[in-house]
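Colleague: Chain Z is already provided as a structure; the job is to place chains R and B on it using the hints.
Here the protein sequences line up with chains Z, R and B, keeping their order.
Residue 0 is where the first sequence starts when you use numbering that gives the first Met the number 0, and the numbers rise one by one after that.
Residue 0 is where the second sequence starts when you use numbering that gives the first Met the number 0, and the numbers rise one by one after that.
Residue 0 is where the third sequence starts when you use numbering that gives the first Met the number 0, and the numbers rise one by one after that.
Heads up, a few of these hints could be off.
Said to hold, decoys possible - Incomplete in silico selection of chain R near chain B, CB under 10 angstroms:
no. : residue
1   : 116
2   : 182
3   : 274
Read the hints as simulated data drawn from the structure, not as lab findings.
Glycine residues also receive a C-beta, built at the ideal position from the N, C-alpha and C atoms.
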Amino acid sequence: MEILRVEQLIKRFGGIVAVDNVSFTLQKNEILGIIGPNGAGKTTLFSLISGTEKPDSGKIYLNGEDITNTKPYHRALKGLVRTFQIVRPFKSLTVEQNLHAPLTVRKIHFNQEEAIQLLKKLGLIQKRNIPAAYLTHGEMKKLEVARGLIAKPRILMLDEPFGGLTVAEIGEVTSVLREYYEEGGTLVIIEHRLRELMKLIQRALVMDQGKLIFEGAPADVAKSEAVIKAYLGTDTVI
Amino acid sequence: MITSEAAATVLVYGFITSLVYALFAEGFSLIFGVARMIDAAYGMWYTAAAYMSFALVTVYNIPSLVTFFATIAALFAAGFVYYWAVLRRIKDHIEMIMTTFLIALVIQNLIVLLFTNFPWSTPVVLPGSTLVFGVSVFNQQLAAAIAASTLLILLWLLIYRTKVGLAIRSVAQDLDAAVCVGIRPERTMALVLGLSTALAGLASLLVTPQSTITPVLGWPMLTLAFAIVVLGGLGDYRGTLLAAFVIGYVEIAVQNLVSPLYSGAASLITVLLTLWLRPKGIFGRSVE
Amino acid sequence: MKRLDKIFVVTLLAVLAAMAVLPIALNLRFIIFILTLTNIFAMLAVSWNLLSGYMGLLSLGHSFFFAGGGYAAAILSISYGVPPVAAVFLGALVITGLGSLIGLPSLKLRGHFFALVTLIIPIIAYQVTNAIPQLGGHDGIFGIPSLFQSAEAFYLASLAAMAGSVMVSYLVMRSRLGIIFTCIKDDEIAAKAAGIDVPRYKLLGLAISIFIAGVAGAFYAYLNGVISPATYELEKASLPLLMTLLGGRATILGPVVGAYIIEILIETLKIEVLVRARLLIYSALALLIFMIFPSGIVGFLRRKVYGDTAG
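Isolated chain Z (complex conformation) (with noise of 0.2 angstroms):
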């Protein structure tokens, strides 16, 4: 069942297309990685889906509704969530209370025991009532993750979950994801650390330069001449 849909979006800055007419479809309950070179445009893409940024044209569907011009605060309630590369916990909240913020404005119920299993599981248990402002980087990025998992979301983003985490952490961060997969959940996940997001999706879009240049099964990624040609440059190659 398509989940969300993406039609020919654009998106300028200045004189570079940042992202230029890409379109996909998600379905639900699928784990979907995007990866591409830096620049290629994936977190604008992830921007102009989660509404923090506008697109210049193109049109986003979430179960068959066009969201395009509505606010990200709504996109978020209707259950398209996100988290950001560079993190942004609430800083002066506790760990705790920064999963109960996202609750504040659902009719989601906080319930303490949950978010204490959630936080057990990501090995955060012991910094709870500690203001996020004095977490290490990567458990920042875990509490991210957590904050995104709290609200149940229909569609999870993620933009570089793995960054700067070690192996450990990323194997708690790995584990969460797959149960809220196993209970239904829908991930979009962009990520550098190709040897780890391979394992975890089902299919892969490649972009460069803002277009998107490959689409399919992630066995099938290293295969496709257009993404080597990207990776290493057109020009070098000939």
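Modeller: Coordinates of chains R and B only, in the frame set by chain Z:
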């Protein structure tokens, strides 16, 4: 409707007022554009210059010209110290406004302590008046207009035609890149702060003779500078100049054609409407 | 509730009871007026703290809401014959509506521009009020009927209103609104991503803050029997800021503690030179505290009692 006499008055006085406003606002614009700082104490430098020159001339009987240069030198130095001692350490915008606001209160109350709240009359430096397009203008104001235009041209030359100006513009455009080509940003910013406080002082010295001064003189001037800089697109030399003329003429027109009671409010309402309807100013960066 | 919290609440109630009973029982008439004024400014500081301390929306023009509340209540009771007690709340509602209307477009601006806009608004209000005879012009509005016949009753009412405003800010910050306000202060973009309708909650916070400031302003107008454009001036805008910085930003009791310290200082500084220097002393003190102890006296004490990281 509007008599030709009233129109001439608005034209002439609007021009003079706008020039002085431009000079004052260019200083605020400079800190904003280059150092990306908002100095809530900017109006206080204006007040401080007025009181310093007042004290030197009337209390210590020092000649006007010496007073003029001494005051400007003192303000330039104050800006320099201000940057190194205070502004350099503050990263957050809100914290900066809070700190500079408190500093402004301290300076203002220091002035109250030394001079009381009494509205002192400042002495005349250039007596007499001249007819300009049939409008009688005090020589003091005429001299202010000529000095302000000269200073505005000099400032333009400094920013766009000298090496120092190049450094200032590089820091304004891209701090990291400027550092890479060997510019020391802290020195440049200290210089910019010195320039800005000196400009506030210059504007003050051109206007405050032959008037009355009070310790709260600087606050309307701060909001005025803010108004002009927002209207002009935040930190752009030409934009600020143009916006100063818009605000200057709005104020003088309302003052002469409607009522002096509304002149200050009119220009401030102009800027509020600009902020609300077109946050980017006439041309330039967004404030949202 | 922790044991420490219980002791704290009991102590607080005892202090409040003592404040209500002692000045009246000892018949300290000359102090009662001063304490009434202190309660009014404490309310104003509580209001400022809610907006600028907790929500991070720096207001340099709280005098607009304060004077506006005073003017609205005065006009309501003189020209429309509204009974004073009702006029206090209606007046506060009027200024809340007006302030929110002006605030609505300004809240979209980035934080430092919002601060500068708040600096402009009272200046406009001052000039407009000065120019409109219906608002009393330069001289202001005279002969505002008294809120209560006896000074004691007025004092008790001001104490109750002040305690009420503290209670409101406590309840707000303890509720889900408190979390939402803190999110907005910490990171607006992340707050939006978490689903928070940032403009709406900013407006709500602004409205609560204006209402409290408006009530304080109405009390002020009734206490003096007159309200003039001078109330818009910078002193009234900077006092709540200085009081809150002194007592402790983003703490519940900070503004009240700061208000009492400053008002007691005012009364102690009766010597002529010191009276003239009082604003210099406060601003220098606030600047020092802001730079050295950003969380003020109450924040400092709380760290001593609860340990370093307790929220």
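Colleague: Can you give the numbers of the hints that this structure goes against, from lowest to highest?
Modeller: Of the numbered hints given earlier, the structure breaks just one, which is hint 2.
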